[in-house]
Amino acid sequence: MKEHVDILISEENVDKKIEEIGKKISEEYQGKSVHLICVLKGGAFFMCELAKRITVPVSMDFMAVSSYGSVTESSGHLKMIKDLDESIEGKDVLIVEDIIDSGRTLDKLVTLLKTRGPKSIKVCTLLDKPDRRVVDVNVDYTCFNIPDEFVVGYGLDYDQKYRNLPFIGVVRFEE
73 MKEHVDILIS
83 EENVDKKIEE
93 IGKKISEEYQ
103 GKSVHLICVL
113 KGGAFFMCEL
123 AKRITVPVSM
133 DFMAVSSYGS
143 VTESSGHLKM
153 IKDLDESIEG
163 KDVLIVEDII
173 DSGRTLDKLV
183 TLLKTRGPKS
193 IKVCTLLDKP
203 DRRVVDVNVD
213 YTCFNIPDEF
223 VVGYGLDYDQ
233 KYRNLPFIGV
243 VRFEE
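Take 73 as the starting number for the sequence shown in my numbering and just add one per residue.
Just so you know, these hints were derived from the structure itself, not from any lab.
Incorrect hints may have been included.
Calculated lysine to any residue pairs in the SDA-like style (CA-CA distance at most 25 Å, straight line) [what the hints assert, rightly or not]: (1) 113 to 229; (2) 88 to 114; (3) 89 to 102; (4) 95 to 134.
What follows is a set of in silico ranges between Cβ atoms, one per label pair, in the way DEER data are often shown [said to hold, decoys possible]: (5) 112 to 189: 32 to 38 Å; (6) 85 to 162: 21 to 27 Å; (7) 132 to 204: 26 to 32 Å; (8) 99 to 76: 17 to 23 Å.
Given the structure is predicted, the values throughout are model-derived calculations rather than measurements.
We treat Cβ as the ideally placed atom computed from N, Cα and C, and that holds for glycine.
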């Protein structure tokens, strides 16, 4: 089966929205520093671009978690693939996600991180699919709400392809 990608959100619109969210985060964290936690792999592109647009002091860490295993539906069980490198105790933490759909993985992640004593935890996502939500999660900063489509680009992939696209696209399959 062959696939192609149709643009859903242009590079210009993605850049504009990240600039806007970066400004909002900078205003809300004025006088503080913010510790960004990137959920790998998809969140890396977004976090780097977001960090460049935040004007308050920023520190960063990375983690990789999964609740999917080899299936396409979240199991709700959190599997830690790569943990944080440093403590978040007493820090203002901002979890940076590429996309939120069911909310299961994010819910488990927030619950886990709260046990580590951060001063605060907020969530920022590039994309949100509210129609797919099965767990109510609080998302503080959302760049785009999108329909229930299979999207790629800006860190999101299909079979490890298309992460490097500078826009958000929808994968279409052809015979």
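Verification of the supplied hints:
{"no.": "1", "hint": "113 to 229", "in the structure": "holds (9 Å)"}
{"no.": "2", "hint": "88 to 114", "in the structure": "holds (20 Å)"}
{"no.": "3", "hint": "89 to 102", "in the structure": "holds (20 Å)"}
{"no.": "4", "hint": "95 to 134", "in the structure": "holds (22 Å)"}
{"no.": "5", "hint": "112 to 189: 32 to 38 Å", "in the structure": "violated (23 Å)"}
{"no.": "6", "hint": "85 to 162: 21 to 27 Å", "in the structure": "violated (37 Å)"}
{"no.": "7", "hint": "132 to 204: 26 to 32 Å", "in the structure": "holds (28 Å)"}
{"no.": "8", "hint": "99 to 76: 17 to 23 Å", "in the structure": "violated (40 Å)"}
Of the hints listed earlier, those the structure fails to meet are numbers 5, 6, 8, in rising order.
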